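S.K.: Work out the full structure: start from the sequences and follow the hints.
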Amino acid sequence: MTTNGWDKSAIAAIAGELKDRPGALMLILRRIQDELGWIPEQSVALIADALNLSRAEVHGVVTFYHDFRRHPPGRHVMRLCRAESCQAMGAGALARHLKERLKIDFGQTTADGNLTLEAVYCLGNCACSPAITVDGDIHGRVTPALLDALLASLQEHRQ
Amino acid sequence: MTPAVYVPRDSGALSLGAEDVARAITQEAARRKLDLRMVRNGSRGLYWLEPMVEVATAAGRVAYGPVHVGAVTALFDAGFLDGRPHELRLGLTEEIGWLKKQERLTFARVGVIDPVSIDDYLAHGGYQGLARAAALSGEQIVNEVMESGLRGRGGAGFPCAIKLRTALQSAADCKYVVCNADEGDSGTFADRMIMEGDPFVLLEGMAIAALCVGATQGYIYLRSEYPHSALTLNEAIAAAHARGYLGDNVMGTGKRLELEVRVGAGSYICGEETAMLESLEGKRGMVRYKPPVPAVAGLFGKPTVVNNVLTLASLPIILARGGAFYKNFGVGRSRGTQPIQLAGNVKRPGLFEMAFGITLREIVYELGGGTASGRPVRAVQVGGPLGAYFPAHKLDVAFDYEELAAHDGLLGHGGVVVFDDTVNMAEMARYAMEFCARESCGKCTPCRIGSTRGVEVIERIAAGHNRSANLTLLRDLCDTMTNASLCALGGLTPLPVLSALKHFPGDFGLEDDASKLH
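Residue numbers (the working numbering), protein chains in the order written: chain Y, 29 to 187; chain L, 5 to 522.
Treat the hints with care, since some could be wrong.
Just a few of them, taken from the derived set where beta-carbon distance is under 7 Å, the chain Y residues facing chain L [said to hold, decoys possible]: (1) Gly51; (2) Leu53; (3) Gly88; (4) Ala111; (5) Ala155.
Derived lysine to aspartate or glutamate pairs resembling EDC-like cross-links, with alpha carbons at most 16 Å apart [what the hints assert, rightly or not]: (6) L:Lys259 - L:Asp177; (7) L:Lys398 - L:Asp412; (8) L:Lys287 - Y:Asp95; (9) Y:Lys36 - Y:Glu69; (10) Y:Lys47 - L:Glu285; (11) L:Lys287 - Y:Glu85.
Since the hints were made in silico from the structure, they are not lab data. Please read these numbers as outputs of a predicted model, since none were measured by experiment. Built from N, CA and C at the ideal position, the CB exists for glycine as well.
M.R.: Here it is in structure tokens:
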């Protein structure tokens, strides 16, 4: 799903397919993010050309939205909700637990490239706080023990 | 008859293993050579009981929960397909007190029907509102909505009928209806539950709004954190299209309407309506100056009706049953029902729809059962990250627009987040500013700079640096943000900050100054 490889023709194909849709830039960036897991810097010029925008305009949109990564993520991505409801149910302790176990901060990837840890502000799972997602799958009422089990299974699926 | 088993596909239930439970039930049935019909419904909103499995019996639907994969075999052994006793048996679903006490109008079908079955929707009163709207003029639809007193459920509480009337009266070659499904407030999930549990009601509501003002294109701006909502919405849109409830001839009216889901990219500010329109246009989500309001010049400069999911999802019942019916619920100028979303540190979290007027105390203690941790309630935040904190001894406030405003709070999108006594309210105040700094679009100075300075000043106060002068500075800063910000993000961030300061001065190291704060 997530490949780090920069593929000019794939980006050009996405831009070509979507460029005439209303509000095309967001559609294009969303698609690249979903397919590659990040927005390679080189795609900015390509998209700008396709949409007849300046590179600055495209860069401005890429950098505005939290979802658009400018670096490739690890093989797996864990997102921990840090908003109020999850805070009330111990998200702070989960954050400390993760940082200690993984030796990374939010927005960083483990040294072996296996896991990227990200903060997210509300997954809409507030009635089952605290919540996280792992590679897009949502988990509720998360405990440190469940986190450890999830981390262990991610270590097993390193390829 | 083949028994029907209901296992929610709602993402809250999925987060607790509903997918595995559904699979285990199907496999166990196959192993025992039993026939059953698996329905993936929405959530009833009783989240402490999720995954809640229901079985249709002659007496009605019987609920079991919370069901874990390990309990599935035992449930079969106990005869749950016939509604027989088991320790997880909750009785007839409709008789569960928490559900029975509710007045479900907008959420009438959520958890009941198969969300992507248009036949199920029709069998439960679906598309009656649009059928009636089709026989009315735009002005008549506006009057019906006006009569209902429906106010925007997204947070601002603006009368829905005024938006419709303005867009109706704005002449243009093209108009839009846009659904704001960027439900970013922590503690809220009602939009998500509608989209995952009864998406057709939203599509019908959008069709009514479109018919009213003459819009031919609609967008649902959905936050990217809701992938399961995207799935149900797209399935529902395809089904509505196939059956003529969308497309070139909506329900035989000769009117055209196309709907499209657009997924956002993790920006909270895009829940502000003009920032959302910018984002839909493919730009940075920068807040626009108003006027012009979107109903006059919105998406791509055209007249645009912008409303929250819950607002649009309320239109079908208002049209089907009449504005007067809807208005009969509620108090004062808060008419109709409000889906209350109860979350955070609470024993029974979930969604509770009822007429306006219930007090915060009743919500937290009677519905919620107090904290999940068993410790004393210390603070309750109402209305999302921009809402005020109420201390445990000041919860005798009615949950409606005017009452909450009179107590320096706001209803917002209807979220209630409970904190126990381990919370540090200076940290929560600091977090409010930090969140504002993270999500500020940067267009206006009070929000862009003020939020960052706010974090610093709160840190200094909490650390005891020049406390009195910094307190004055914080109040000045909040005053500037409140009065000079372009939109509600900068304008309302002072609300959680100042309410935390007012009610919990001790957390800021200000015990001695408490008297000066009120």
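S.K.: Which of the stated hints cannot be reconciled with the structure, identified by number in ascending sequence?
M.R.: none
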